[in-house]
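Visitor: If you want the building blocks of each chain, they are given just below.
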Amino acid sequence: MASSLYEWIDERLGVTEAIAFARHKMVPVHAQSFWYYWGGISLFLFLVQIFTGILLLVYYRPGADAFESVRQITYVMHFGWLIRSAHSWSANLFIFAILVHMFSVYFMKAYRRPREVGWITGIGLLFLAAAFGFSGYLLPMDELSYFATKVGLGIPASLPVIGGPIATMLRGGPDVSQFTVQRFFALHVVVLPLLFLPLLGVHLWLVQKHGNAMPPSEEGKPVSARKTVPFFPNFMQKDLAMWLISLNILALLASVFPWDLGKQADALSPAPAGIHPEWYFMAPFHMLKILGNWLPGATGEVIGILLFTAGLGLWVVIPFYDAEHTTGRRSRFAHYFGLFAVASLILTTALGYWGIR
Amino acid sequence: MNYPFWEVPFIGSGWVIGIIAIFHVMISQFAVGGGLWLPMAERKALREGRQDWREQLEKHSRFFLIITGVFGTVSGVGIWFAIGLTQPEATSTLIHNFVFGWAMEWAFFLVELTTLAVYYYTWERIPARLHLRIGWLYAGTSLFTLIIINGILTFMLTPGAAWLSVAGTGAESSRFWNAFFNPTYWPSLAMRTLVCISLAGIWALVTGSRIDAEKQPELKSSYLRWTTMWLVPSFVLMPLSLGWYLLEVPQSQRALLSLGISTIGSGTFSQVTRIVLVMIITSATIIFVTYYLAYRNPKDFSLAHASALVLLALMATGSGEEARELLRKPYVIGGHMYSNGMRVRDVAAANKNGYLRDNAWMGSSPDDHWVRGELMYRGQCGSCHTLTGYRSLDKLMAGRDRESVGSFLTMLHEYKPDLAYRKFMPPLTGTPEEINALGDYLYSQANPGPATRSSDNRLAAKTSSANTSTH
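Protein chains in written order, with my numbering: chain V, 627 to 983; chain G, 138 to 608.
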């Protein structure tokens, strides 16, 4: 019965062929293999985002009712708090996993020829994930999310000429309001997924096409000294084990530290003390703050935004600068640039939190 | 109030017991389950003439001896110190009621430790059959330690009507067997036995993962596959025994389980539900990982996998124990003593004559208003709350003005039947003046000012002079 069912499916979908292909695909085994799992972990957390996001969508009401609907989800609906908590925690873990994945790809030099497009699409996915985070953060419309969004949207507003219109368009008016929630909601559940999913498809297809890159230390070894395992079932089993570990960590965080809901946002009340962006925006936010201290007013913010954009630009084009599989000057420089980026992100994030403690 | 208050900053004194107890339970239940695992495995090796198994079992028994004989015993004594300091009144009640039970426990414990040492040191030195008999003797004595301690632990949740009818009369020990074989005794024993058997399997996977699959592939496969079978009884029977256990738990306590289904209030409102969720997901993961990694791919099963399983088991055990503890709320001994050590029957007297009246450690009710407030906090809140850390009163009182703090305390003092907090908090006892002092103290802690700072000094000075006069 089972085998005839399998044959029926196989004849139509070519399952055997797909498995044979997956068995044929090999994954390198070496001291840095651990970092291969982070792309898969990011994917898993994204799937959790979709699943919990759809469930939240059933009860969430954007606009004037936003806060009340989230209050009901958190305090009235059965296990609504758990779904919301899992959604918020997995969003943060998702961005964390992408960052780890990106830096591991960077330091293993997995962006080199022919993987440049994979690198660029990956950075695009990170930006979209950050946009998901920024737009989703406002949706509960509690005090903290309201004022943090207000501060966040104040940054592009400071850009000359185009800043004002961009900020007004995002806000749906001169200030953050229920219209902003409506817009952010549309972004969060329609526009961003429409951009994210095809880009993710291209990214995964490129991973499939080029396979896992070997770090330079492995590339230097003779072929006979390199170890590999088949993607299916060996690597996939371990990948799934990592998903399971991620699920446990997520369940633990969501259950033991459920995501709280603050007071309803009130535009007329003063901003509470210590308003700050989410942790993944803390570094750019604090860099701008430092520059603002040196160059007060709009000049500091404009120069800051330009510098940050230039840094990101360099980050995106690094595969074209360090394209060859050699250990020359460019390779070393790219490595130091990566170290500098990690150090400055950690340092400015830490300084940002130190400042609001 | 016969004992001083033990205040542990940030984590609170309750978590001192919790941390030691979770660690201890994980090991002591391994001692019971592993006690059965060892002779069963040895019998299998003897029947099948497997010398490689016997050599592996000797290695496992060394691991077992160190883990249970050293860490298990030290943490067990640690629990005694911790409960004596944190819940002296409850510990006193348990000792008065179960001194005979504990004497039996210690007798079995001594035999258990001795036989374990003999078992390990006589591998290949005495006839195999005799060695196996020593293993069975160990298994029997360690099982009896569980049989006894289970009576005392379950008593705290469900002391039973017979014991409660004589509680406080001085004749409590006349109901020893009623208290021992209380309503949750048998389902709890079933659950704990299943957990012990599972833990025996999980810990044995640790030693099994160390077998070199290149050199001894067959040993590793057979050893790990046989060991994974030890998780099957738990997988099949645990849901049933958990259901049986919950049926025996009073409805008021069982309701705590469902409080967190629809809400995430602060404190204990939803804690039991949330902790049970952790227990479910970690237990399910253990079964999944054991089947796919240890059973299906034993040769690839590594120490990292085994360590992850131990960590998951620690989380599952910790969650289970915490959920069990929380189910007792608002009591530490169901229906008899509240979680802050106040006996149910003493509440009216404390309200009439004052909570601090019998404070042996202060000589008498202190004159200083601030000192009274702080003592009220330490005595009635400090068992479950801290000022700035776990279940922080700073956080819970934040944003309240003095009047609101007072209303909250009055609400806890009146303890009306429909009060939501009754589900997990004891009543606040004391005279209106004492409650007012507590209100001032809590308000000043949440809104620090000069008065607060001086109160600490006053209490320190008072305590110091009282101790001097006592000596």
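Hints are computed from structural coordinates only; laboratory data are not their basis. Where a beta carbon is used, it is the ideal one built from N, C-alpha and C, also for glycine. Check the hints yourself; a few may be wrong.
Said to hold, decoys possible - Example chain V residues on the side facing chain G (calculated, C-beta under 10 Å, incomplete):
1) V702
2) G706
3) S711
What the hints assert, rightly or not - Pair ranges (Cβ atoms, derived):
4) K181/G / Y632/V: 31 to 41 Å
5) R537/G / V702/V: 49 to 59 Å
6) T642/V / N434/G: 15 to 25 Å
7) A535/G / L683/V: 55 to 65 Å
8) G888/V / K181/G: 39 to 49 Å
9) V207/G / Q890/V: 13 to 23 Å
10) I398/G / A851/V: 37 to 47 Å
11) P146/G / F722/V: 24 to 34 Å
12) F208/G / A976/V: 28 to 38 Å
13) W381/G / R687/V: 49 to 59 Å
Visitor: Confirm or reject each hint.
Guide: These are the hints, each one checked on the structure:
With 10 Å as the threshold, the beta carbon of V702/V comes within range of chain G, its nearest partner Cβ sitting at about 6 Å, so the hint holds. Interface hint at G706/V: satisfied, since its Cβ lies 7 Å from the closest Cβ of chain G, which is below the 10 Å cut-off. Annotation: S711/V was flagged as interfacial toward chain G, and the flag holds, the nearest CB pair being 8 Å apart, inside 10 Å. For K181/G and Y632/V, the hinted distance range of 31 to 41 Å is satisfied, since their beta carbons lie about 38 Å from each other.
Distance hint check: the CB atoms of R537/G and V702/V are about 24 Å apart, inconsistent with the given range 49 to 59 Å. Distance hint check: the CB atoms of T642/V and N434/G are about 22 Å apart, consistent with the given range 15 to 25 Å. Distance hint for A535/G and L683/V: a CB-CB separation of about 33 Å, inconsistent with the stated range 55 to 65 Å. Between G888/V and K181/G the CB atoms are about 60 Å apart, so this pair departs from the stated range of 39 to 49 Å.
Remark: the range hint 13 to 23 Å for V207/G to Q890/V is contradicted by a beta-carbon distance near 56 Å. As the Cβ distance of I398/G to A851/V is approximately 57 Å, the hint placing it in 37 to 47 Å is violated. Here the CB-CB span from P146/G to F722/V is close to 31 Å, well matched to the stated 24 to 34 Å. Look at F208/G against A976/V: about 37 Å separates their beta carbons, and that is inside 28 to 38 Å.
The supplied range of 49 to 59 Å is broken by W381/G and R687/V, whose beta-carbon atoms lie about 43 Å from each other.
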